[in-house]
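Using the sequences plus the hints, can you model the full thing?
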Amino acid sequence: MARRIVTGDLDIAQLARRTGLPASTLRFYEARGLIVSIGRRGLKRLFDPAVIDRLALIGLGRAAGFSLDDIGRMFAPDGLPRIDRRMLTEKADDLQRMIDRLSAMRDGLRHAAACPAPNHMDCPTFRRLLKASAAGRFEAVPVGPPERAGGGSRRPRRKIQATP
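Quick note on our numbering: the sequence shown kicks off at 1 and runs consecutively.
Just so you know, these hints were derived from the structure itself, not from any lab.
Using N, Cα and C, we set each Cβ at its ideal position, and we do this for glycine too.
Mixed in with the good hints, there may be bad ones.
[To be verified] Beta-carbon label-pair distances, calculated as ranges:
| # | residue 1 | residue 2 | range |
| --- | --- | --- | --- |
| 1 | ASP94 | MET121 | 30 to 40 Å |
| 2 | ARG18 | PRO77 | 40 to 50 Å |
| 3 | ASP93 | ARG73 | 12 to 22 Å |
| 4 | ALA50 | ARG97 | 18 to 28 Å |
| 5 | SER67 | ARG17 | 24 to 34 Å |
| 6 | LYS131 | LEU95 | 17 to 27 Å |
| 7 | ASP93 | PRO116 | 17 to 27 Å |
| 8 | VAL36 | ALA63 | 16 to 26 Å |
| 9 | ALA134 | GLY79 | 18 to 28 Å |
| 10 | MET121 | LEU88 | 40 to 50 Å |
Printed below as a string of structure tokens:
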């Protein structure tokens, strides 16, 4: 039995306004089977208001780096979320590796900015950064602070170096 269209249903323009997503994205998600319209009012697609939560889950998945295919598999045939915890753990591990690489890159750049060497090419840490960049790989490794002109030390930093 088909669902009856009710007053609270949202047409595609209303849904776009409520979610901040362009209508083209909503149509694309519908074509991919990520969301389902419940009918039409004239030429406009209609959606159940519950689709807003589904779109929020899709947005969260996209922000975490999941593909649309992965996100599609996170929903059961009845449309309810069915999220594989192992997949979430794997994605969290991927994100941690990315955070580690980016943190190491940030720290290497901060070192280069604070390095007292007259020329960055004379700085061993900067040379390791270049080597890692040329190799396309980065590994976070603890490193001491740059030498300071008045002595003293700073908290340990991380450096970038190419992995073997």
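Any hints from earlier that this structure breaks? Give me their numbers in increasing order, please. 2, 4, 7 and 9
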